[in-house]
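Heads up: the sequence lines are chains A and B, in that order. Just so you know, we're using my numbering here: the first sequence kicks off at 1 and counts up by one. Just so you know, we're using my numbering here: the second sequence kicks off at 1001 and counts up by one.
Among these hints, one or two may not hold up.
Partial pick of chain B residues on the chain A-facing surface, computed with a CB cut under 8 angstroms [to be verified]:
no., residue
1, A1072
2, F1075
3, P1122
4, T1123
5, D1125
6, G1128
7, G1161
8, T1182
9, A1197
10, K1201
11, K1202
12, P1205
13, A1278
Hint data in this document are derived by calculation from the structure and do not stem from the laboratory. C-beta atoms are modelled at their ideal positions from N, C-alpha and C, and glycine is treated no differently.
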Amino acid sequence: MEKYKKFIKPVIYSVVFVFFIIISYRSAKPRYKPENFTDIFNDFSWLGNWPKWLDFPLMQPLNAGFDWLIVKYGLFFEGINNFLLGLYTAMKNSLVGLPWPIVIALVIFITYFASGRKTNTTVMVAFCTFFLGFLSPRYWDKCIMTTCIVIIGMLLCIVVGIPIGIAMARNKKIRNALLPILDLMQTIPSFCYLIPGILLFGLGAVPAIIAIFVYAVPPLIRLTDLGIRLVDKEVIEASEAFGASRKQTLWGVQIPLALPNIMQGINQCTMMSLAMVVIASMIGTRGIGDEVLLGLQQLNVGMATEAGIAIVLLAIIFDRITQSYGEKIQERTQQKKDIKF
Amino acid sequence: MKFLRNLILSFVFAGAMTLTATSANAGCGKVHLGDFDWDSANIHTAIAGYILEKGYGCEVESTKGSTTPIMAALFDQQIDIVTEVWRDNLVQLIEDNLAKGTIIELGINTPSSTQGFYVDKPTADKYGLKSVEDMKSAEIAALFADPEAPGKGRMTSCISGWTCYTINLVKHKVYGLDEFYTNFDPGSGGALDAAIAGGFKKGKPVFSYYWTPTGLMGKVDLVKLEEPKYDQACWDEMTKVVEDIKANGPDVYKDTCACEYVNMSLTKAASTKFASNAKNKPVIDFIRAYSIPTAAVNKALAFYMDESGGDMEATAKYFLSNNAMWKSWVPADVAAKVADTL
Chain A
1 MEKYKKFIKP VIYSVVFVFF IIISYRSAKP RYKPENFTDI FNDFSWLGNW
51 PKWLDFPLMQ PLNAGFDWLI VKYGLFFEGI NNFLLGLYTA MKNSLVGLPW
101 PIVIALVIFI TYFASGRKTN TTVMVAFCTF FLGFLSPRYW DKCIMTTCIV
151 IIGMLLCIVV GIPIGIAMAR NKKIRNALLP ILDLMQTIPS FCYLIPGILL
201 FGLGAVPAII AIFVYAVPPL IRLTDLGIRL VDKEVIEASE AFGASRKQTL
251 WGVQIPLALP NIMQGINQCT MMSLAMVVIA SMIGTRGIGD EVLLGLQQLN
301 VGMATEAGIA IVLLAIIFDR ITQSYGEKIQ ERTQQKKDIK F
Chain B
1001 MKFLRNLILS FVFAGAMTLT ATSANAGCGK VHLGDFDWDS ANIHTAIAGY
1051 ILEKGYGCEV ESTKGSTTPI MAALFDQQID IVTEVWRDNL VQLIEDNLAK
1101 GTIIELGINT PSSTQGFYVD KPTADKYGLK SVEDMKSAEI AALFADPEAP
1151 GKGRMTSCIS GWTCYTINLV KHKVYGLDEF YTNFDPGSGG ALDAAIAGGF
1201 KKGKPVFSYY WTPTGLMGKV DLVKLEEPKY DQACWDEMTK VVEDIKANGP
1251 DVYKDTCACE YVNMSLTKAA STKFASNAKN KPVIDFIRAY SIPTAAVNKA
1301 LAFYMDESGG DMEATAKYFL SNNAMWKSWV PADVAAKVAD TL
């Protein structure tokens, strides 16, 4: 029996493959099929061009499934929509309502303490923030909208992504199951989920937040997973020798030591959110992205570039804050390893 | 500036380029068709492209984009032929360029198409919505509530790259709709369709700008709202304001007259450089003769959406196999060549 074990998987795959071909043949339109099934073995002309009956019918079930989702779970998506939209509008309105110098002061305050009182970073970030409105007064509110969408998307990523990353690091089966899904999320063209997002959530900020989640959560999950697995075996053994439970090892040893990697994941997550929010302007998401889109559509090179610079500045602000916070944590949890040459 | 403009045009193209090439015949060289991001334009490009390729043996290349870049490329002689021009939305631009001699017009492509403001039938019947005036009340606006602009309704409009976005903006102000509704830019043609289709799937009220011929129009039940009757002088006055806003931003809005979109004819155009080349005369003659009634376009669109599985070439073949009208557009030998491939 042991001898045949290695054949089990190939046999299963072949059976599934043959089953797929039968499905495709049965569901093909009659005008594409040869009149008699046996014609396939007499007339080999179908070997020239890919025959039309050899077409796996994926589109119709996907469409039907999607319609079913809208009709049956419409209320569920409505709930998610209202929750995220409420969060977004509350955040946006309060920030837009504040006088702009206070918003800048707030950003300076956050940067100063997040970076561990680094003056250089704070000055840099303050300058970039000022420049957002300075580029064009129109941009100020739009940048706030974009920022709100990015922050909400990021929070969603953190809440979902980090636990999944930890689960992946601790269980090989979960990792094997999730890796292909992460590959899919990272490579599938964004319009494949942006347009269905409109059908489910309507035009505006919410499909953008969902798109950010799909696009930006994989690097966070991967880096969390990697960070935890990279913690030295000896350190874990030592903690176990002192009688730490699995839970204690995780919270007391693995997560603190993995924090720099997790922070890197959050940083990457932010950058990708910002990239997605620009693409999302094509589904009616308000923000700095639609200035770029408008500039391109009107062939207004100056306008598109100016808005592009605003996005870069926004990226610098986000990057410096998360990056310097990560450095601060690293300094606290790990002794400085000075590399001497 | 010219260099920069060309550069950005090339980038826009690189992003949305579809290339189809076959061996070129002696009679016809390369033809570069301009295509837009809505489906009726795609159909015309596919049908014309198919005939040019199979019948005339041209090397057909088609580039897809939104109105402004594609029209700019046509004026710039980078694109040879555009098979669907929404002339009345672009009056000023077209007439300027006709005067400059950068393009020539090649007649009507689809007689009588309509565009306007639409409301879904169930809502229109329930609240007796017949004209834009009926829309002007807070209760009605609440039906179409814009979740991002509290207290206002949302009208899904054109995308900001299309001229009709600015036309709708002006109309909103003139009709007094802007107090109740946002002129919401859906960002892209696909998103506009999805917003309408999504509203119908969920049974929610829909208030949107839309037009025929389109494939979606055959599947959903939209009612066109009445607007003040079309009047040439009024339209011309409005167009001036629209062009001004397009050039200088919404702050330059002036009080103007406004009226419904005319039941317009969609036209075709070619770049002068291409048309003045004697070698291209057969192609120009064919495009000039090309004209498909709205009903046939809608039918082809329905086939494209429901049966072709997203295959534009199959849709072109379907149209050519089920209609005979195209045989009168081309010489008999070309028609025979095309018919052979069906």
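Check: Any hints this thing doesn't respect? Which numbers, in order?
Finding: As far as the earlier hints go, 2, 3, 4, 5, 6, 8, 12, 13 are violated by this structure, in ascending order.
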